[in-house]
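Undergrad: If you're matching them up, the sequences are chains A and B in order. Heads up, the first sequence is in UniProt numbering, so the first residue is 1 and it goes up one at a time. Heads up, the second sequence is in UniProt numbering, so the first residue is 1 and it goes up one at a time.
Take every hint as true, because none was put in to throw you off.
Stretches of chain A that chain B covers, calculated by requiring three or more beta carbons in the stretch to come under 8 Å of a beta carbon on chain B:
| no. | region |
| --- | --- |
| 1 | 101-108 |
| 2 | 170-181 |
| 3 | 230-240 |
Some chain A residues near chain B, calculated using beta-carbon distances under 7 Å:
| no. | residue |
| --- | --- |
| 4 | CYS13 |
| 5 | ARG200 |
| 6 | LEU208 |
| 7 | PHE223 |
| 8 | GLY224 |
| 9 | PHE243 |
Straight-line Cα separation of at most 27 Å, DSS-like style, residue types lysine-lysine; simulated pairs:
| no. | chain 1 | residue 1 | chain 2 | residue 2 |
| --- | --- | --- | --- | --- |
| 10 | B | LYS222 | A | LYS216 |
| 11 | A | LYS216 | B | LYS216 |
| 12 | B | LYS216 | A | LYS222 |
Honestly, the hints are just simulated from the structure, not real lab data. Ideal Cβ positions, reconstructed from N, Cα and C, are used throughout, including at glycine.
There are 2 protein chains.
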Amino acid sequence: MPTTELDGFTFACGDTVDSLTVAYRTYGDYTGSNAVLVCHALTGSQHVRGRADGDDRGWWPDIVGPGRPIDTTEYFVVCANVPGSCHGTDGPPADGPGGDPWGTAFPPVTVPDWTRCQRRLLDTLGVDRLHAVVGGSVGGMNALDWARRYPDDVHRIAAVATAPRLDAQCLGLNAIARRAIRGDPNWNDGDYYGGAHPDRGLALARQLGHVMYLSKASMADKFGRRTATTDTALPADPAAEFFATRDVESYLDYQADTFVARFDANSYLYLLRAMDAYDLAAGLPSVADALAAFDGDALVLSFTGDWHFTAAQSATVADAFRAGGAAGVAHHVVDSDYGHDAFLVDSAAVGPPLADFLAAGTDGAAVTDATGGV
Amino acid sequence: MPTTELDGFTFACGDTVDSLTVAYRTYGDYTGSNAVLVCHALTGSQHVRGRADGDDRGWWPDIVGPGRPIDTTEYFVVCANVPGSCHGTDGPPADGPGGDPWGTAFPPVTVPDWTRCQRRLLDTLGVDRLHAVVGGSVGGMNALDWARRYPDDVHRIAAVATAPRLDAQCLGLNAIARRAIRGDPNWNDGDYYGGAHPDRGLALARQLGHVMYLSKASMADKFGRRTATTDTALPADPAAEFFATRDVESYLDYQADTFVARFDANSYLYLLRAMDAYDLAAGLPSVADALAAFDGDALVLSFTGDWHFTAAQSATVADAFRAGGAAGVAHHVVDSDYGHDAFLVDSAAVGPPLADFLAAGTDGAAVTDATGGV
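With the hints as constraints, model all of the structure from the sequences given.
TA: See the structure below:
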């Protein structure tokens, strides 16, 4: 797994680390004008496609790859694990200067830290200007942040299922998720690496996320009120034996159990805080001001069933790109019941507009614009 | 606080208790034909108006009282705390036969148990036939259950912000809430009455409920992204100090802290399970079959901003009343951003249709019917 060391990386909080390890993947060959940066979502990784050792499929295999909408025979795709995460880039579980895991002594991270880290990684790869930045969810915030921070370094921006900032409902749910982790006695003020991990708290946080990523309609379709069995590490609940366990509970338990095995609780706290804190317009009068220096094409892609990052929020991003003077702007709305997860699972809907946008900007054949009444 | 003892109460699970203590309140005077049963929501109590000792306002003071929409100078209002709860009616924290708290040895409770308990309480009060049953949220399920179980004993049914059964999204969120409680080490398999209570788990469960009861729009209005201070019993989180605490988090923390002081964690588990398990059509082909024997008037009242119990779910209840042959049926939809909480807080919208429905059934002047295109 390729990594690079960024010397003297200073975070937005003011802390500097002597050397920041950044884990990344590239796919395809660089021609000098075909680089596409993909920004991963909250718990994602640099593995857009399967890991180098082939042990899984990655998180966007139907969108990125040879012959895929983001065609790696045509584009040089780069994806880096963000600082604060736990897939190889430095974050709380990584070893700190003293050789022990950083834990909560790792500097707090922000989305702009991710952007600056990506910029420096691209420098090491010899990539000056990007053909495009593409990202979904908080990765979409990351993509939008490129338009604010490095407007001259990117030709096209595709921001998928995202928003300029979280609203109160998402802030509230994320605060509950963090409370679940902090309230787990095994969290131990973030210092748990030598002992039992706060798996129960992290599992709860992740289950809450799962419900946020699905829609009411998709959950009704997928689970209904069907019954199932479940097997968790929680204490038994004899008073519950009279009642059926529901399929949806079994699913959430399974998802949580697999998640805690692959993700770090402190990283989850760090990345949730970065998402909560992000405001594309921070320090400026408006989102349009944040995007004013970007003069390329922008695709804002949203899903009708997404209650986490709504189509209405995406519409405000598209309006801001327009007001800021971007060359072309399209708000492509996908009619989907999948919820927020649609950007990951509804490849048939996401692929064509992304492919055509990369090839031809907002003139791309499959790119529609809801503002135009489509 | 009045209580009654119901001898030999057998629960739906098959367990019988020798004597079930039921705490209730009545307001107004009984004339023989003016009894209105009010069914409380999940964490509600018999105190529709202030407690007898005057220490709070109760949970529906603007709807029930002298000169209020459910006018206690006209109606004899009865409300009982449901079995499994913790406001005086027997449930897990009440003393069991051996003198110690029941804990999880208390029989699992169901909504039909509540209905049968209310029927027996009314027998002790000399009330044969009710003028109306009114309830919101799971109390609305309880009201609907009257139409199924005692169709000849009730003249009018008002089911507010409710559904014939929960959908997968609500089942999932409730399962997460229960997991939060069970996962708190202080829960101790439900046996915590002699020691520390699972306050952290119960607080999380309640916070999740709060987000379910509000709407995305109402949270945006109420909190936005404003910052605040918060003070919780959780361990400090030094890595969070760089970031602002949001008003919404402070609100949720405050609500949770006051809630854990007044509610029992096992009761919360019991009542959530009763709500999850409830299906108005259980054992029957359809909801219409469940309501077929009821031939009075039915008011189904819903709120556009309620994503917990949606207006669409209420529409199916109204349709089922119609198909079942009720005398009059109205689905009164209130345009409201308050979310599920609207039934408690939007008295100006809820009061008039309720008042007119009690007085004149679905012919009441303020009662509208969305099915009729209103």
